[in-house]
Each structure stands twice: as C-alpha cells, then as structure tokens.
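Peer 1: If you want the building blocks of each chain, they are given just below.
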Amino acid sequence: MPEEMLRIKDLHAFYDESHILHGIDLSVGEGEVVTLLGRNGAGRTTILKAIIGLVGRRSGSITVKGIETIGMPTHRIARLGIGYCPEERGIFANLTVEENLLLPRVIKEGGMPLSELYQMFPNLQERRKSMGTRLSGGEQQMLAMARILRTGAKLLLLDEITEGLAPVIVQTLGLLIRQLKEKGFTIVLVEQNFHFAADLADRHYVIDRGVIADMITRDELPSNTEKLNHYLGV
Amino acid sequence: MELSFQTVMSQVMLGLNNGVFYAILSLGLAVIFGLLNIVNFVHGALYMLGAYVALLGYTMLGPLLGKPDFHLNYWAALIVAPLVVGLLGVGVERTMLRRLRKFDHLYGLLLTFGLALIIQGVFTNYFNVSGDAYEAKPEALNGAVNLGFMMFPKYRLWVIAISLLVCFATWFVIERTKLGSYLRAGTENPELVKAFGVNVPLMITLTYGYGVALAAFAGVLAAPIYSVSPVMGSEMIITVFAVVVIGGMGSIMGSIVTGLLLGMVEGFTKVVYAPASSTVIFLIMVIVLLVKPAGLFGRES
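Just so you know, the sequences run in chain order A and B.
Taking our numbering, I'd label the letters of the first sequence as residues 911 to 1144.
Taking our numbering, I'd label the letters of the second sequence as residues 1286 to 1586.
Think of the hints as simulated: they come from the structure by calculation, not from any bench.
Hints should not be assumed to be uniformly reliable.
[Claimed, not checked] Cross-link-like lysine-lysine pairs, in silico, DSBU-like; alpha carbons within 35 Å at most:
no., chain 1, residue 1, chain 2, residue 2
1, A, Lys919, B, Lys1463
2, A, Lys1093, A, Lys1137
3, A, Lys1093, B, Lys1463
4, A, Lys1137, A, Lys1018
[To be verified] Under 7 Å between C-beta atoms, here's a sample of chain B residues computed to sit facing chain A:
no., residue
5, Ser1466
6, Glu1476
7, Leu1477
8, Ala1480
[Stated by the list, open to error] FRET-style restraints, in silico, Cβ to Cβ:
no., chain 1, residue 1, chain 2, residue 2, range
9, B, Val1458, A, Ile977, 46 to 54 Å
10, B, Asn1358, A, Glu1026, 29 to 37 Å
11, B, Val1458, A, Ile980, 34 to 42 Å
12, B, Leu1450, A, Glu997, 37 to 45 Å
13, A, Gly939, B, Lys1577, 55 to 63 Å
Cβ coordinates follow ideal geometry from the N, Cα and C atoms, glycine included.
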C-alpha cells in the first residue's frame, strides 16, 4: 500500500439546512487514481468541495498527508498541495487566458512552468491574450487543467472534466490523466463517463445518497458490472 | 445668449474640478461594490471624516498632544487621513460587514446607511454645520495659472492632476496587474479563488479599506476648496450615487469616466442655464435608467 495522501473519516457536510454527506469514509494513496461514481445528486461533487473546504459546514476528519484540515480555511487547505478543477470549469470571464493560467498561487516546487504548459497546450499560447470564456469548451477545459498543474499541487480533485466535450478531446484528457499518473500525481475524479473512468482508475468508490455504497478495484471491475449498473441506474 | 469660448471653457474646467471628486468617490464605491457586493452608503460620511482629520489635525492635534505649536500640515494630512479612515474601514469590515456577506446586499446598505447617520450626527453635535475654513493650504499651491483662456487657481489644478493620477493608478492596478487579477477573479467567483490558495477574506478587508481611504483622500483634497462641515459628505454623496447609477455599478473605468464627464456637463449647464446645473445630473440619470437600466458602462445581468 502506498503512503496515504488523503484520508476521510465520518465526513458530514451541509449546505444551510440540508445535510448532504452522511458519514463518508475513504482513503486515497499517493499516486493513485480514484473515481467517485454515482448518480446525479448522490453527493460526489460535495465530497470534492468538502475536501477543499467549499461547503457550508463540515464535520468529521479530512487529513491531507496526515495533516488535519477540518478546521482550516479554504486557502490554507489549498496550500497543502491541492489542485481543484470545479464542475463547469470555473474559467474567469474578466481575466485573459494567461491571467487565468497564472491565477492559482504556486504552492510547492515542482509545478510545470508556463513555457512547458504552453508546449503541452499550444492553443492556449495562441490565445493567451483572449478573455478566458472566449475559448471553446474543450480549450476552457484544457485551461482549467493547465492552471492547476502550474502550482506544484500533487493531489488533484477533478470534477466532471469530460462533461459536454467532443470524443477527441475526451481522448486527449484521458491521455493527460495517464501522463499525470505516471508523473506521480494523486487524482480524485468525479466522472459521469464510466468508460473514461474505468480505463484510468485504480479504484472506484460508489456514492449513493451521501454515503459510500461500495468500493471496487480495477481487478474486480469485470465481475461487478451488473452491480455497478444497478448503482448507477444505467 | 452669447456663449464665448472663454466662459464655456472656464465653467467646464471648474466642472472638471467637481468631476474629479465624483470620479474618485464613485471609483471607491465601484471597487467596494465589485468585491463586497455592498452599496457603501457610509462613503460620504468617510469623505467628510477625511476632511475633518485634516482640519482637526491642523487645529486641534497639537494642543491635544500638549504641543500647541504642532500642526499636521496638508501634505501629511493627505497620507494620514486615508490611513486613519482606511483603518476604521478595516475595523468596520472585520466586525460588521463580514457578518452580512451571506445575506442580501440590502442589509449592507442599511448598515452603512446607519453608520453614515451616526457619524454625521456626532459631527453635527460637535462642529459647525455651516462649515469651518481649512487654513493649511500649502504656500506652493496659492495663486493662479494662466491656461490661455482663463486664470485657473493653482490648487484646483493640483486637485485635478493628483485625482486623475490616483484614479488611473487604481484602474491600472485592477485591470493590468497580478494583484488586480485576484480582485477581478474574486469579484466573479470568490469561492474558487479561495480554492486557488488566495486569502480572499483578507483581500476583501483590504479592498474595503482602500475604497474608503480613497474617500478620505478626496475629503482632504476638498478641505481647502469647500468649507469643512458635517454635512459636506451627505451633500456630495447624493450626486455621486447618481453618477454611479449613470455609469453602471461595479465598472472601474466606467465610474471614472462618468464622474469626469458629468462634472463637466454640470459646469457647462451653469453657462447655459445656471438654475438647472444642480439637477442636470439627475435628469441624465432618469434618461439613462429609461434607456439603459444597467448604466452606460454596466453589463446587463
């Protein structure tokens, strides 16, 4: 078992009066790629938001590399080395592409320099003076990924990065995730596209109504298709 | 009626002088509204407070400290007043406004309106409502400059120049620097900016402090021109809010340009039909609201 990057114990999360997560336990080892599967509204996005501290209230325990974060403000959690790519990508309309890229603070050494990112995503360099939301959906997704690779964060929380994108771009993203895994990044993926996730992930957590319903490793996947289809309501 | 170039230009220049006050005050309001989503009604009172820091620093601070010969001079007041008022703003944001962030911005408006009434009430109680003269205008800014079409007071020229400089420097920082990109991003999606490792609550506090410091700066600039009185802020702020509505809430360049233009329009109106000069801005506001409700530079949402 690799060293533990993220451990969540008995996590409850609330938005105002609504109780969304009801005691989540999960752990992610360093260098692992783990997906959170489940139907819409099961609480997968909320788990990612709770890790980075963007829910109204949370209780339980979340440790990042052994450091307890449950009482920390969001910006300090992020500085522990977490890169967050939100659903809808979160590209800023009032910032140019380059300003979007440079926005997240560099938190650790070992992030990719701007020149390397431009090499990886030549489109972004071409359009670096355009306003962020002028880019196509696919380009915006690349931008959302690129900007968290600059910071030196080693734990990436990626929320529905393939949503609404053309197959060829989904393929590129799959390739990118694989490269990142080889480089030793730890990745928690919320994904609707099961085939995309199945190809990449070491383990899958199935979330249902705010609790973990099941955990399936890559090897167990073939024998569990039926169960999984039932969970996901396919 | 004869409109000579000279009369028009001299009134327009005086209008521009008022316009820079509108610009600097509405700029502060725009910056605060952008990031805090609060209509800062206490802005006028803090402008007045800035002028009083300058006045009292000159007349009363020395005796108070037991050194009757000490006077806070004009140049020092230009630094000290924004600092004092800025710190006060930081305290207000930390202790009061921060608690209102979750709620509708109507609550922020009510709170700051209440604060404005309190500050103005206290000053009305202790100081002369018809105003006190500020006697510490520096020697170097006495006299007039020949602009070709008129003799223009040196002090007013200084006010126009330094205000434009401060306005455009603020614009530059917000629109063209890294720090500004945090502010713009924070205006759009503060939660995500936190997730990128930026201490957004601190940024909000400092932004509020800067916004109200601008008001105090304008107050010091105004002190040698207008008499310093407890109601100088409430008189000014009504016009400034009209400027903000015309320009569109939250636009940085919009608030600067609108402030300057409307000052000049006011000046021009004085030549054409003087009695209308105090209402022309409100007339423009009505027309703009009818034609473009989000304001000239505002985005429809």
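Peer 1: Give a verdict on every hint.
Peer 2: Against the structure, the hints:
1. For the suggested pair Lys919/A and Lys1463/B, the alpha carbons sit about 38 Å apart, so the restraint of at most 35 Å is broken.
2. Between Lys1093/A and Lys1137/A the alpha-carbon distance is near 33 Å, which keeps this suggested pair within the 35 Å criterion.
3. Restraint check: the Cα-Cα separation between Lys1093/A and Lys1463/B comes to about 29 Å, which is no more than 35 Å; the hinted pair holds.
4. With a C-alpha separation of about 41 Å, the suggested pairing of Lys1137/A with Lys1018/A is violated against the 35 Å cut-off.
5. Because the smallest distance between the Cβ of Ser1466/B and any Cβ of chain A comes to about 4 Å, under 7 Å, the interface hint for this residue holds.
6. For Glu1476/B, the interface hint holds, since its Cβ comes within 7 Å of a Cβ in chain A; the closest pair sits about 5 Å apart.
7. Against a cut-off of 7 Å between C-beta atoms, the interface hint on Leu1477/B holds, since the closest Cβ of chain A lies about 5 Å away.
8. Annotation: interface hint on Ala1480/B holds; nearest CB of chain A at approximately 5 Å, less than 7 Å.
9. Evaluation of the 46 to 54 Å hint for Val1458/B and Ile977/A yields a failure: the beta carbon distance comes to about 35 Å.
10. Checked against the hint of 29 to 37 Å, the C-beta distance between Asn1358/B and Glu1026/A comes to roughly 55 Å, which is inconsistent with it.
11. Here the CB-CB span from Val1458/B to Ile980/A is close to 36 Å, well matched to the stated 34 to 42 Å.
12. The hint said 37 to 45 Å for the Cβ distance between Leu1450/B and Glu997/A, and at roughly 43 Å that hint holds.
13. Between Gly939/A and Lys1577/B the CB atoms are about 57 Å apart, so this pair conforms to the stated range of 55 to 63 Å.
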